[in-house]
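> First to last, the sequence lines map onto chains S and F.
For the first sequence, this note's numbering assigns the number 1 to the initial residue and increments by one for each residue that follows.
For the second sequence, this note's numbering assigns the number 1 to the initial residue and increments by one for each residue that follows.
These are computed hints drawn from the structure, not numbers from a lab.
Every residue, glycine too, gets a C-beta built ideally from N, C-alpha and C.
Don't take every hint at face value.
[Stated by the list, open to error] Here chain F is said to cover these stretches of chain S; the calculated rule only asks that three of the stretch's residues, wherever they fall, bring their Cβ under 8 Å from a Cβ of chain F:
(1) 67-78
(2) 94-107
[Claimed, not checked] Pairwise CB distance ranges (calculated):
(3) F/P427 to S/E50: 50 to 56 Å
(4) S/P47 to F/K599: 35 to 41 Å
(5) S/E105 to F/T731: 57 to 63 Å
[Unchecked claim] Simulated crosslink set (PhoX-like; lysine-lysine; CA at most 20 Å straight-line):
(6) F/K491 to S/K79
(7) F/K570 to S/K90
(8) F/K570 to S/K61
(9) F/K491 to S/K64
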Amino acid sequence: MSQSNTLRVQPLETVTWRALCSRQDLVAHSGVVAWLDGEQVALFHLPDTETGDQVFAIANKDPKSGANVIGRGIVGQLKGDLVIASPLYKQHFRLADGTCLEYPEQRLRVWPARLNGDAVEIAH
Amino acid sequence: MNSIVTPIKSERLVIVGNGMVGHHCVEQLVERLLGRGTLGLHEIHVYGEERQRAYDRVHLSEYFGGRDAESLALCEADYYARHGVQAHLGVQVIDIDRDRREVITTAGRQPYDRLILATGSYPFVPPIAGAEGNARLVYRTLDDLDGIRAAAAGARRGVVVGGGLLGLEAANALKSLGLEAHVVEFAPRLMPVQLDEQGGAALKARIEALGVGVHLSRATQEIIVGEEYAYRMAFQDGDFLETDLIVFSAGIRPQDALARRCGLDVGARGGVVVDNDCRTSDPAIFAIGECAAWNGSVFGLVAPGYTMARTVAAQLAGEAHTPFTGADMSTKLKLLGVDVGSIGDAHGATPGSKSYRFIDEATASYRRLVVSPDGKTVIGAVLVGDNSYYDTLLQYAQNGIKLPAEPSGLILPAGEGAPALGADALPDTATICSCHNVSKGAVCCQIDAGVTDLGELKAATKAGTGCGGCSALLKQVFEHELAARGVAVDKSLCEHFAYTRQELYGIVRVEGIQTFEALLAKHGRGHVGCDICKPAVGSILASCWNKPITDPLLIPLQDTNDTFMANMQKNGTYSIVPRIAGGEITPDKLIVLGQVAKKYDLYTKITGGQRIDLFGAQLHELPDIWGELIDAGFETGHAYGKSLRTVKSCVGSTWCRYGVQDSVGMALRLEDRYKGLRSPHKIKFGVSGCTRECAEAQSKDIGVIATDKGWNLYVAGNGGMRPRHAELLATDLDDETLVRTIDRFLMFYVRTADKLQRTSVWRESLEGGLDYLKDVIVHDSLGLGAELEAQMQLVVDRYECEWANALKDPEKLKRFRTFVNDERGDPDVHFVKERGQRRPVRASELHLIPVAEEAL
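Next up, chain S with everything else stripped away, as it sits in the complex (with noise of 0.2 Å):
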């Protein structure tokens, strides 16, 4: 695995970075669904955030209907936070961190994610 920028700033030799798919398999400023052992990872493709280029992988399940949906929402941004809406009921979940706007007590884990190359990768 290369060395990138962002592994020297941050120290994350703990972290072992996985590829899930391909740049290909995603869709510029919406979302698709990879499978993780198991678990579903909801991936939003934004090429230009203000930190630029940006993938974002948060969980699939939509805690309020308990259905795999959340990849399928529409991302927007809410007083300067990029959120995903749950396409059933419509709540927002903040891709940095998961937190729902709504219905704090609903929270959705999120990964490190970032494009590597070609490849989709998180921390796992």
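Let chain S serve as the given structure and place chain F on it in line with the hints.
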């Protein structure tokens, strides 16, 4: 007892009577004393003659509809004990020793410092020979109802003597016990107190239609043994009626026996005389509810009783109190399922008053509006059959609001445009939310305290959180008052666009904007958008330019349903609705639907729009399923889009002996023309082949009904949550003019409606109403006709089945994968079999609501 040592002697309060009013008084007292921290300083005793604690007498008839005594109770079983109130139920108070300030009960003496009489009333049974046993039942307490139930066992017919409010309730109770019910009334009409002659007649017609016998102007002379039934009621005119049981509901009398015995002043027509503080002739004794006579009147409704209870509770708690100054006896109720309303001077007894009347003998509806001699204000009203007029009329009457120029509009059928009261016309005292008694003044107070958000307002006042019926009025008043205070009412779409949908539509159209990014960059904020503005702009772009919604630039804008061109259900699977235009389908195509449903194990259901919905497909199955459907000649049904859904049709002149036009042919033509039109909300059509209207076109956004000479066009109807009859826009149109008129109407709607606003709500918000709409659409008053038609033609010309488009492009199909890195389906989707088909498994998901778009 209170553990704090205090020099203040605790006060002994005794409340005699544990009916609705007596209980309300205790509740109010406890709440106020708790608030002041002085509950512990009071020793409260409640005496109730009945064994049950206070229950809801207003809904007594539900006791026969399955409710038990416990569910009718007004408080939790431990309410009294929890607050240290000593309840003595089933204990009768025999006398009051006013000198020693003690009540004498069947269980001994109890001293009081202050005493409240809430003994209520008892049913009046006229002295009629032979009225005994099952021929002398009454309807007031739970015990009475048990008696009626016992008498009804084995009985076939029951009679209620008394055609007033309670009598009709009792008749309903007999009916729900399975008896043939009759009402015998002495007066020449039903509900003689609340209704006038015509109102009584309309109510009689409606009640008779429900199978209840109504016998007016009948005085029962005696009750003897019957021939076919147990009893025979002989009337004064020689006529008779036989029955197995008789319930007397001929009025109530105040229960003032205790007061009489201990020498309190009693009114000429009964009732303990009270002043404005509800104090009797003994300053230590109060009387409230139906046992009290204020200004010579006894009030037989619960609301005035509650007002009296609050007046007394405030005084006992040592708070400032509002004196009791009489009560408005206006009532709105449902008797035997019939709406009945009576406001103020219902009989027009005020000298010089004038009345407006609306009589509809076809449906037995009646409305009367009584106005003051100067014709400026409402002083009374009678409603039979439809209480939707009640709230507005009550506002006019209670607040002395000046009548509109044409007062009859207040009682005319709503289709004629009954003028609802504008927010500014309401005085501060006007009740906005009757469930939580929130006035316009209270709303204004909140605004003055800094509330600028409707949600905050609702949280602070509870307004609109009861039945929700006042929501529209509440919003209107709120926005009007904000505007009046110079607070700009924010109508921005969301934090990214400071424009309304209409304004954005204009910008997109005028500047020829083709993408969300371009619109956001030029007229919005930020560079992402949100789940409000993205679908709204996506819809506007589609309405204007009708590019395939599968375009990569449009994909991120769509709701999941549009993105995957199917309707997401509660477990994350999708339902599929192929277009079945006009509801016409060949046997071969029907077989294909069956085969596809069987192959993919899809739950199959016929929709209200004459189509077939296939449920339970996972994301990765959609392209395969659509491949097979398209091969068989199907195209997408847009059930997922804010767009044209269905054109429902009857079979028309081709087959039907009554049909005058080919309604199926017209439905096919219309569905083919407008399919794929993206609009602010979904659009439904109906086409009927004759005036019998089997396609229910008048409940649709666009309704077309055949006439001898062509087609009548109705618009802006709705079914669903807020039903609305469509309105006649144009008559006897030929085919071409019909299509041209619909083109204009739909495009004008697309252009000017708010986001997610159905045609019905849009039409109601149009200033100038139906006349304005006719001017613009039919008479082309704005000179827009040709432009609107051309814009529609562009949309029609660019139509392409979205599923056919997607299936041609492997790049677009990439998204239809449950997992991008794995072939499997979602392992968490589980089904069980029910009635021969599969359905999502229920776990703890009872609280979930299906999100099927095509619910109706």
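> Now, for every hint given, state plainly whether the structure supports it.
Outcome of the hint check:
1. 67-78: Since 10 is at least three, the answer is holds.
2. 94-107: That given contact is violated, which follows from only 0 residues of the region 94-107 of chain S lying within Cβ reach (below 8 Å) of chain F.
3. F/P427 to S/E50: 50 to 56 Å: 53 Å, holds
4. S/P47 to F/K599: 35 to 41 Å: Taking Cβ atoms as reference, S/P47 and F/K599 lie about 39 Å apart, which means the hint holds.
5. S/E105 to F/T731: 57 to 63 Å: Cβ of S/E105 to Cβ of F/T731: about 59 Å, so the range 57 to 63 Å holds.
6. F/K491 to S/K79: 18 Å, holds
7. F/K570 to S/K90: 13 Å, holds
8. F/K570 to S/K61: 12 Å, holds
9. F/K491 to S/K64: 30 Å, violated
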